[in-house]
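*Asks:* Spelled out, the chains give:
Number of protein chains: 4
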Amino acid sequence: MKKIRIGIIGAGRIGKIHADNLLRHPQAEIAAIGDLFAGDELNEWAKQRGIPVVTRNSDDIIGDPSIDAVFICSSTDTHVPLIKQAAGQGKHIFCEKPISMDIRQTEEALEAVKLAGVKLQVGFNRRFDHNYRRVREHVNAGAIGDVQLVKITSRDPAPPSEEYIGSSGGMFMDMMIHDFDMARYLSGLEVEEVYAQGGVLIDPVFGKHGDVDTAIVTLRFAGGAFGVIDCSRKASYGYDQRAEVFGSKGSAATANDHPNTAVLSTEQGVWSDKPLYFFLERYEAAYRDEIERFVDCLVRGDELPVDGRDGAAAEKIALAAKLSLQRNRPVKLSEIE
Amino acid sequence: MKKIRIGIIGAGRIGKIHADNLLRHPQAEIAAIGDLFAGDELNEWAKQRGIPVVTRNSDDIIGDPSIDAVFICSSTDTHVPLIKQAAGQGKHIFCEKPISMDIRQTEEALEAVKLAGVKLQVGFNRRFDHNYRRVREHVNAGAIGDVQLVKITSRDPAPPSEEYIGSSGGMFMDMMIHDFDMARYLSGLEVEEVYAQGGVLIDPVFGKHGDVDTAIVTLRFAGGAFGVIDCSRKASYGYDQRAEVFGSKGSAATANDHPNTAVLSTEQGVWSDKPLYFFLERYEAAYRDEIERFVDCLVRGDELPVDGRDGAAAEKIALAAKLSLQRNRPVKLSEIE
Amino acid sequence: MKKIRIGIIGAGRIGKIHADNLLRHPQAEIAAIGDLFAGDELNEWAKQRGIPVVTRNSDDIIGDPSIDAVFICSSTDTHVPLIKQAAGQGKHIFCEKPISMDIRQTEEALEAVKLAGVKLQVGFNRRFDHNYRRVREHVNAGAIGDVQLVKITSRDPAPPSEEYIGSSGGMFMDMMIHDFDMARYLSGLEVEEVYAQGGVLIDPVFGKHGDVDTAIVTLRFAGGAFGVIDCSRKASYGYDQRAEVFGSKGSAATANDHPNTAVLSTEQGVWSDKPLYFFLERYEAAYRDEIERFVDCLVRGDELPVDGRDGAAAEKIALAAKLSLQRNRPVKLSEIE
Amino acid sequence: MKKIRIGIIGAGRIGKIHADNLLRHPQAEIAAIGDLFAGDELNEWAKQRGIPVVTRNSDDIIGDPSIDAVFICSSTDTHVPLIKQAAGQGKHIFCEKPISMDIRQTEEALEAVKLAGVKLQVGFNRRFDHNYRRVREHVNAGAIGDVQLVKITSRDPAPPSEEYIGSSGGMFMDMMIHDFDMARYLSGLEVEEVYAQGGVLIDPVFGKHGDVDTAIVTLRFAGGAFGVIDCSRKASYGYDQRAEVFGSKGSAATANDHPNTAVLSTEQGVWSDKPLYFFLERYEAAYRDEIERFVDCLVRGDELPVDGRDGAAAEKIALAAKLSLQRNRPVKLSEIE
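Chains as they are written, first to last, in UniProt numbering: chain A, 1 to 337; chain B, 1 to 337; chain C, 1 to 337; chain D, 1 to 337.
Keep in mind that the hints were calculated from the coordinates and are not lab data.
Treat the hints with care, as some may be off.
As the list claims (entries may be wrong) - Estimated spans, in silico, between C-beta atoms of each pair:
1) Val205/A with Glu162/C: 53 to 61 Å
2) Glu108/D with Asn43/A: 50 to 58 Å
3) Pro160/A with Ser161/C: 49 to 57 Å
4) Pro259/B with Gly224/A: 34 to 42 Å
5) Gly117/D with Val205/A: 55 to 63 Å
6) Ser161/C with Arg5/B: 39 to 47 Å
What the hints assert, rightly or not - Restricting the straight-line Cα-Cα distance to at most 20 Å, the calculated cross-link-like pairs of lysine to aspartate or glutamate (DMTMM-like) are:
7) Lys249/B with Asp203/D
8) Lys249/B with Glu267/C
9) Lys234/A with Asp146/C
10) Lys47/D with Glu29/A
11) Lys3/B with Glu303/B
All C-beta atoms in this analysis are idealised placements derived from N, C-alpha and C, irrespective of residue type, glycine included.
Generate coordinates for the entire structure from the input sequences, incorporating the hints supplied.
*Replies:* In structure tokens, the structure reads:
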């Protein structure tokens, strides 16, 4: 049985999640893991999982000719150089979102990937969520007719740390990039114009860093359909991730996942538990499935389910939203770069 | 436009509800209302509604040759003599449930109705409930295939007064008679055997009157299908009235009605309002529709939607349940004379 | 018992609905009904209801000194002159929405009402809907903390006739004016800025009349909260009327009403009936309650629950939306008039 | 880190599920797996998982002094001798349900376990289901007051093979034993009396083997509360596993799990996917958690969450149900044994 040998660059939370999901795949083998701050803890973690190499130098991974594919889970500013380097070595790539915060650099990276003839998957895990996938299936099957409107709700249960906020790239690029991808994925349409509103309603710390914590972004798709995304850094009842696609023949909508279906009815009313807390809970299976699909596609030589063009498209929408917020006017995607 | 002239005997809560629903029907006219305790209050109530005659003597109503139909809403012990008398005068009859607590007397009343060639509708209002009716439609349409199981939940929000308990005829005859009718209505099948369990779990006052406040009744239908009804005199979250019919091709189930669809999500959980409080709220439209159908059928000369045989059938099940509880064994309906 | 004598001007569908609801109120009395096209049909309709006067001349109603209040249910262009005239005669007024399509005329009418010291209620029936009212109660009670976002979905089951489209005043003034009022009602906040997008996705006939059939309107409230309304002239599954208010402590959301709670489960999936078909079904109780409140307030001398200022506020939002769509840019309400 | 060395006896479907769940536990180590029909396939399966020993002789496992605990997943008739043998060797035991079909043999096995001072967990996986566990938590927390009624629905999506039916021990012992355990678990009460009804409504093959395919079992608990379980071998819409506990202060109820929350609304109605297909899907996490708890308890020396007494209690209810069905009368548990 053919095995794909994989090196992981970046051993933060998401790098480790991907590693554990890779270990579940019978045709994936983790050859090495690298992190700038690798030390005893990572060594122990890798040892428990039988990962033979731990390094502080990503060159040890990219330069290893026995490695078929690399996972780029390091900080965003490292993505483009690492993609170029890995592509140059003929390695397939799984890269976390966003590829970069500069669409020209992203395009350069994609050019390198194309030239090298390697494959690149971007970490849009929500495409593998059971709920969104089912909505997409209904849309693709024509069950709702022509798409007229896409609505997405995206609310985190709690804001990130100030440290994270400062280097996140802002709400559009960090958080809503997933929603921009969802808008394209669920509708099967391309975005042409964006209008973004945003404000600081939750915590002044966002304003301090030039960011917003609450936003409404409306989209105009090629062909005339509309989109609207509402986004918040804090929903006190937990992670709120819903979507609806409305069309000429009906609507396909999805609600949140809950930890159980138990309902308590008393004199005070009817009560149930909050939605699953955050992305680790809600998208646990989606993270597993995106990795499974990545490995399966490499094994079989199939097209990847989400590629660099999808990454670039979402980045452009994020940049247009940023500009729209600054100017308080609609921005066409053709204005970006 | 032909009008049906109606006399109402018994001006308690249910008599007044029927009166108000009759007043809404363009082809119904209330000619008189009678009550043993008629007085100033009833006179005023009737005057506001333009009801010309108020009497303490039911003979004034049954003896009035201009009256086409009588509503018998007086106490249960008066039903049989009033039915016989009204039938003898050629009047159509709407009678509250149960017809009587003695199946032989009920049969005598039905015999009188048959001989007189008049029509009799029994007050099984739930047959007109939008939820149960839809379940029945699915069953009738064959959507669930052959019926294998009928499940009914029937819980009141609060026990009645001790005075009521004492004269109610007991849980099976007073409260569950509706459920026994529902079991027949929803399944389209006849009951052949009954096993009843019951206990006093809510208030000892029920035991004092030889009654129970909690019961489980299982049914065996002709052809082999099963039924089970759970019944309680007190659900602290409000009136709980649900049913499910399960068959070879699927299930048709109905939930409670709620005063609104609002859902509140906070750090404490997800919360909504309790179901509608009691039968007046839940069955408001059903009470209206049962009267509308009664009048419509008389106007058109159609068959009534629920007749005396339905009343007698439910009474037999109630009597079998009573005997089963006493003997703690299954009882065949053929044992009930 | 004091009775309010009422004259109705305009005997179209909505005028007749209000009439029937007035007839249910023990302290309301319909003295006259007027319609430009009054004829045999209206005479018969009025006779059945005991309404003594039918006229083609609204002066017969406004000039009748025995009449306490008038209902203005005629075409929109007649609202302002009729309000001025009725106010001049000291009559209280119930006026359908919108008061007018010209905010200066609306202000003139409100001025006349103020000078005359009479009361004016605008026909925003949705304020009396059980679902929206419950959301508002949660918001008012502080259950969701500070409002950050209001989301409204407003979709009709089927487009109106071309004749109606041509004279409707357009989607913003005709249909979304209800939603603009809901945005204010549910949040308790005033709108400061509007951005509207719209298109013709359903039927070119809308474009022919310079109108749109699909729209997204985003709102910015005083204090910084956001609003977004999506609107469509055609949802194939029926009337879709939902809202959510999201705040610092949680969310209050409401779903559609359905004709029953029955659920059919088969090999093909889990299936239930569509929402109630259209506004007559969904808002039946709301129409009744708005009339009841109007009469009750006049009887008691209380403030009306929704008044001329509410009417003008919603009109301003509609005009701002119209301008925003034309210019494809956000429009401040201060730009209107 | 202490590791529990485990041997598995019986490599059918459930044995393999337990094995894979054991492999996920960092403190469990599978030392050997045994099956009467072990061959190339099982060798390959074990090799892929790094299980060093595969045997046809269970003595190789029970006799291995390095093994701490055995999983008994072989056919029911082997459970008692294997338990006795394993207990005699001082090994902790995880045994699939039922321990046996003869309550005296079960008691003998439990006696052997007690004498040996080892621990025994019975495979009542549903106790670890997220939905049932939450209902139990509500009951334990007193949220519904005193338990008055337990209702359980238990329907398989498709009947087993005839071969399985013939050796299953019948619906009560094979399928409903889980429900009998749930009745005890959810209520925290002991059963005193049972009345069972059953019939062959789905497939005559059940009757051929003296079994039923549809059953209603009512329970009377110590203290007077009631229970009712409805059971079917075939629900065309999938695995139907629901429960409700009703008490003096309210109700805690749980619904099915679904593969996603997507809802499709069209002109035909509102539609969603069926529940998860069968026990492997519905109880996937429960199977994992029961194994995790078993290993954790052994590591820490804690009491097991479900033990031999729970196994025997459920068997007694099953035997009482069987007798009740034969005699068509209620049977007290004291009549069994």
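*Asks:* Lys234/A and Asp146/C were given as a pair; does the straight-line alpha-carbon distance stay at or below 20 Å?
*Replies:* holds, 13 Å
*Asks:* Look at the Cβ atoms of Glu108/D and Asn43/A and judge whether their distance stays inside 50 to 58 Å.
*Replies:* 52 Å Cβ-Cβ, so the 50 to 58 Å window holds.
*Asks:* Would the hint linking Lys3/B and Glu303/B be met if the CA-CA limit is 20 Å?
*Replies:* holds, 18 Å
*Asks:* Need the status of pair Lys47/D, Glu29/A: alpha-carbon distance at most 20 Å?
*Replies:* Distance ~17 Å between Lys47/D and Glu29/A Cα, so the pair holds.
*Asks:* With a cut-off of 20 Å on the C-alpha distance, tell me whether Lys249/B and Glu267/C pass.
*Replies:* Given that 20 Å is the threshold and the Cα spacing comes to 7 Å, the pair holds.
*Asks:* Is the Cα-Cα distance between Lys249/B and Asp203/D 20 Å or less?
*Replies:* holds, 14 Å
*Asks:* Is the hinted range of 39 to 47 Å satisfied by the C-beta distance from Ser161/C to Arg5/B?
*Replies:* Taking Cβ atoms as reference, Ser161/C and Arg5/B lie about 43 Å apart, which means the hint holds.
*Asks:* Evaluate the given range 49 to 57 Å for the C-beta pair formed by Pro160/A and Ser161/C.
*Replies:* holds, 53 Å
*Asks:* Given a hinted range of 34 to 42 Å, is it respected by the beta-carbon distance of Pro259/B and Gly224/A?
*Replies:* Given range 34 to 42 Å: holds, Cβ gap about 40 Å.
*Asks:* Is 55 to 63 Å right for how far apart the beta carbons of Gly117/D and Val205/A are?
*Replies:* Holds: the Cβ-Cβ distance is about 59 Å, inside 55 to 63 Å.
*Asks:* Does the Cβ distance between Val205/A and Glu162/C fall inside 53 to 61 Å?
*Replies:* Between Val205/A and Glu162/C, where Cβ atoms are some 54 Å apart, the hint holds.
In summary, this structure violates none of the numbered hints.
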